[in-house]
Amino acid sequence: MWTRKAAFTFTGGIALILIGMMISNNQMMILGLALIAFIVVNSWISGHGDVEVQRTLSADNLYKGDDLYVELLITNRSNRKTQLLEVYDNIPHEMKLRSGLNQMRLNLSPGESARIRYVLRCPLRGHYSIGPVSLRSRNTFNLGVEEMFVDHHSDIVIFPQIKEVEEAFLRSRTPKMYTGATTLRTPGQGSEFYSLREYVPGDPFKNINWKAYARTGELMVNEKCRDAVTDLYLLIDSRDIARIGTVLKNPLEMSTVSAASLAAFFLKRRDSVALGIYGEKLSYLPPDTGDKQYFKILSALAGVSAKGEMPLQAVTNSLSGRFSRGSPVFVISSCEGDGTVPAAVRDLVGRGHEVTVLSPSSIDFERLVSRIPRMSYEVLKLERQNRLTTLAGSGAQVIDWMPDMDLSQALMQVRGY
Amino acid sequence: MVEWREVNYRRYGLQTAFWSVMFVLLLMILSNFINLSNTNQLSAYDDDWNDMSAFRQDIKDMGIETRSLVSSPLLLADIEDPRNTTYVVAGVERDTLSLPQFDDDGFITIASDDGYSPSEVEAIVTFVENGGTAIILEDYGFAGTIAEAFGVRYNGDQLFDTTYVPELNFNYVWMCVQTTPCSMNGSQIDTDSLSTHERWADTSSALSAHPCAIANGQAVTLEDSGVCAHHWSDGEIAYNGTYRVLLNNITALELIPNSNNPLSELAIRAVTSNEAGIDVNGDGKLVVSAIQSEETPDLYGRFNLSIEACAKSTCNPDDGGRVFFVSDGSPLINAIYDYSGFAEGEYGPTDTEIPANDNRKWALDIIAEAMMTSIQDDGLEPSENAMVIFDESRHPQNAVLADSYNTIYFLLVYFTGEGLAMLVLFLILFIAFEAVLIRKKDPDNWRHVFSIIYYGFGDANRYPYYSKVEKIRQVFLSKVRNQNGLTREEFHAMSARELVALINDPTLAKFAIEPTKYSLEQTVSIVKRVKAWGRR
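Same order as they appear, the protein sequences are chains S and L.
Taking our numbering, the leading residue of the first sequence gets 1, the next gets one more, and so forth.
Taking our numbering, the leading residue of the second sequence gets 1, the next gets one more, and so forth.
Read the hints as simulated data drawn from the structure, not as lab findings.
Heads up, a few of these hints could be off.
A few chain S residues that don't get close to chain L, going by computed Cβ distances all over 10 angstroms [claimed, not checked]: (1) Met1; (2) Ser24; (3) Leu84; (4) Glu86; (5) Glu112; (6) Ser134; (7) Asp151; (8) Ser154; (9) Pro201; (10) Gly245; (11) Arg270; (12) Ser362; (13) Glu378; (14) Glu383; (15) Gln385.
Some chain L residues flagged as far from chain S (calculated, every beta-carbon gap over 10 angstroms) [unchecked claim]: (16) Glu65; (17) Ala77; (18) Asp78.
In silico SDA-like cross-links for lysine to any residue, where the CA-CA straight-line distance does not exceed 20 angstroms [claimed, not checked]: (19) L:Lys528 <-> S:Met310; (20) L:Lys471 <-> S:Leu84; (21) S:Lys381 <-> L:Ala512; (22) S:Lys5 <-> L:Lys440; (23) S:Lys307 <-> L:Lys471; (24) S:Lys381 <-> L:Leu477; (25) L:Lys531 <-> L:Leu508; (26) S:Lys249 <-> L:Phe457; (27) S:Lys96 <-> L:Lys471; (28) L:Lys441 <-> S:Asn139; (29) L:Lys441 <-> S:Arg117; (30) L:Lys531 <-> S:Met375; (31) L:Lys468 <-> S:Asp400; (32) L:Lys479 <-> S:Arg4; (33) S:Lys381 <-> L:Gln474; (34) S:Lys381 <-> L:Lys468; (35) S:Lys5 <-> L:Lys468.
Everything numeric in this text was worked out from a predicted model, so none of it was measured.
Where is the CB? At the ideal position from N, CA and C, for every residue including glycine.
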């Protein structure tokens with residue numbers, strides 16, 4: 001592609017030739033021809049973007065707010081010099097360049113390499129991809145520019161931030177549920193022996209009890225007791241309404257932070273944690289324990305976006321049958337625009353679940369971005385209080401979570417309801 | 001899937017139809033400029049029997065440079081030495097491109113069917129005024145505007161004369177370049193009726209006589225005979241002022257009375273016999289009488305075949321420009337000009353025998369007179385800048401892209417030579433510069449922009465609804481019901497008295513029960529009370 005300079009030179013050359021012809025001025029025509037010839041000859045001396053690019057990231061997964069260190073290695077694999085080559089590493093606009101630059105102007109000799117190092121801050125959770133690498137080659141007199149890219153991507157997942165949760169905040173009226181890691185007399189993943197049973201295809205070989213096999217002649221496997229105290233169910237509201245507020249402060253962001261923090265807290269205690277995210281559709285992660293589950297939960301939370309209108313009752317109707325009896329359920333929702341919340345909570349409580357509703361105050365998030373008339377705001381708050389009171393009356397523990405409140409502070413309110 | 005295919009067929013059909021129409025349009029446009037069926041005629045650069053390669057070769061042999069003009073006579077304005085340049089137009093076979101231009105009065109006009117545009121005619125006139133020599137050989141073609149610029153008109157109807165060549169047919173007519181008509185004696189020209197060229201052969205006037213006539217009898221070698229080499233014989237210049245020029249399919253020339261002629265001297269150099277006729281209605285028959293009428297539309301008598309227009313009566317090339325008009329476009333074609341070569345089959349096999357003629361001598365004498373140096377010491381040599389330009393711009397070319405090239409070249413010359421077109425071109429250049437200035441952008445510098453501006457604004461339309469008294473009342477009653485742990489049914493079943501007792505606040509009780517209108521201040525006060533209610 002010609003640059004503006006080239007276009008001017010060409011137009012000027014043509015104009016000089018034509019005007020020279022008009023006024024029969026040979027010098028002018030020769031000057032015009034010289035300009036055209038200059039462009040033609042210059043087009044022969046062009047650079048290239050035949051380079052190899054390799055990107056190294058300091059981590060594949062990060063927590064929101066952490067820094068990512070990126071190194072880009074560019075190597076000229078051709079037998080020609082690159083001439084003036086601009087290299088630009090495309091990074092998502094949600095990431096902030098903290099130090100260094102994601103671009104460089106190079107003139108690499110054959111086989112020569114150069115490194116670009118920069119640090120990114122990742123203030124938003126999500127699944128991101130760094131790349132491709134854009135290249136812009138200019139010829140000697142900057143008359144021609146050619147743009148290309150190297151289709152090299154590096155994926156990275158930014159998890160929600162994990163907040164410290166103090167155990168004392170999570171006391172409930174049924175303290176047995178949060179007593180820590182004690183074995184349950186049910187089969188599952190754990191360390192203590194529970195029983196012997198016959199081998200079924202799919203059982204890991206390490207579980208085969210070889211002595212029993214020698215004794216009985218049949219393959220038998222050891223079953224272990226579940227280590228977890230209980231299953232904890234987290235239900236996250238990711239409906240469209242959950243996006244009210246700023247990009248960093250909105251009910252959905254707070255919900256993901258709280259879900260991740262609670263999951264981290266309970267998994268650390270070797271409890272099983274399940275995650276249900278509802279909005280446009282319901283995605284459900286069955287209860288499990290361990291680091292793998294922790295990673296799954298964080299990955300799921302990283303990709304949550306506010307969409308859809310699914311009511312909570314549809315979720316509970318679908319999932320409550322799978323919930324372990326008496327297990328605690330955390331509903332993290334602003335409860336705004338969903339008339340089925342009281343009925344759903346009542347249903348869960350009726351099934352014997354310890355229901356905690358952690359409700360980011362959507363009207364206060366809305367107030368961050370919209371100028372709500374004072375009286376309307378008060379009435380909206382009253383209506384929200386009524387809604388939470390109704391939920392509390394249904395037997396749930398309700399937490400009214402204000403935007404400027406830490407999670408640990410908010411959880412202290414459990415005792416208030 | 002079927003629907004998808006149908007849609008695709010329709011799309012392909014539409015595409016095919018569109019490109020077919022475009023192709024036909026392109027062919028139509030190209031057909032105006034490329035004529036594959038026409039062979040190159042009357043071209044000095046082709047060697048068919050009807051081309052003029054022999055004439056050009058003779059000129060080159062004289063040591064005179066020859067050039068072709070394939071775009072437009074507008075280029076004549078760029079000739080540096082018109083005095084030593086001869087411009088030859090032989091048979092204008094096609095019209096010029098009709099493009100807008102300024103006419104003599106300064107108005108915009110579109111030239112059509114005139115062969116040469118006003119600007120081109122103006123360029124030829126200027127060339128002649130600057131001392132150039134022009135030879136216009138034309139019959140029924142498109143050179144009328146050139147002739148009219150010099151006070152001469154081509155009749156345009158076929159002329160028949162008794163001085164034709166009976167061995168061939170009546171289309172071959174003899175033109176004797178002399179003031180009196182010549183006549184036939186059987187199948188040959190009566191030599192008694194022949195005389196000499198009125199100006200050239202008159203050596204008593206050194207200024208107007210032909211230089212070869214002046215050199216007549218001068219002993220020179222063939223190498224030194226220069227532009228008079230065609231008169232050289234036996235070691236000397238043997239000038240003969242008699243010219244029997246053979247023409248084919250001719251018309252007549254007329255003088256336009258009171259014309260604004262840039263060349264003041266018009267001399268008739270050749271005429272027909274007194275028994276010539278012009279087939280006005282083109283029916284191939286001559287029906288004539290003393291008075292022209294519908295029954296006898298054709299003309300009869302003596303007509304002009306060649307006219308010479310000069311700046312001065314001497315017609316000396318050093319005294320100004322000259323134009324030779326001949327009423328036939330083909331006297332210089334190879335078949336007639338080089339009749340012996342034609343008979344020998346140099347231009348293709350033929351059975352036709354063209355009689356001996358003086359076409360070569362006559363044509364080379366015009367060139368010799370125009371091109372001979374005016375420096376005494378150079379003898380009979382052509383001048384240093386001598387050049388003959390053949391106008392090929394009005395001849396169809398037989399090469400596939402030659403016509404397109406000529407057309408593009410013509411347009412280039414048009415846009416750099418014609419006033420209106422130059423104006424348009426300046427405008428186009430100005431717009432092009434503006435377009436480059438405005439539209440052409442360099443690629444933006446790469447810069448990472450950190451942008452997470454993303455807001456969910458909620459629904460602002462609901463705010464007025466939440467300030468209405470009815471909504472406030474509903475919210476308050478919900479609060480009362482919740483605070484007291486009542487179901488909806490229980491709450492609705494309550495009497496007013498029970499509700500008032502439950503509220504236990506006369507203002508709010510009145511607000512809950514009586515649908516009264518409230519002012520803004522009262523509503524604000526009510527909301528405050530509702531907010532505080534239940535905390536006690």
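Problem - Violated hints, by number in ascending order, as checked against the structure - result: Violated: hints 1, 2, 4, 6, 10, 12, 13, 14, 15, 17, 18, 19, 20, 23, 27, 29, 31, 32 and 35.
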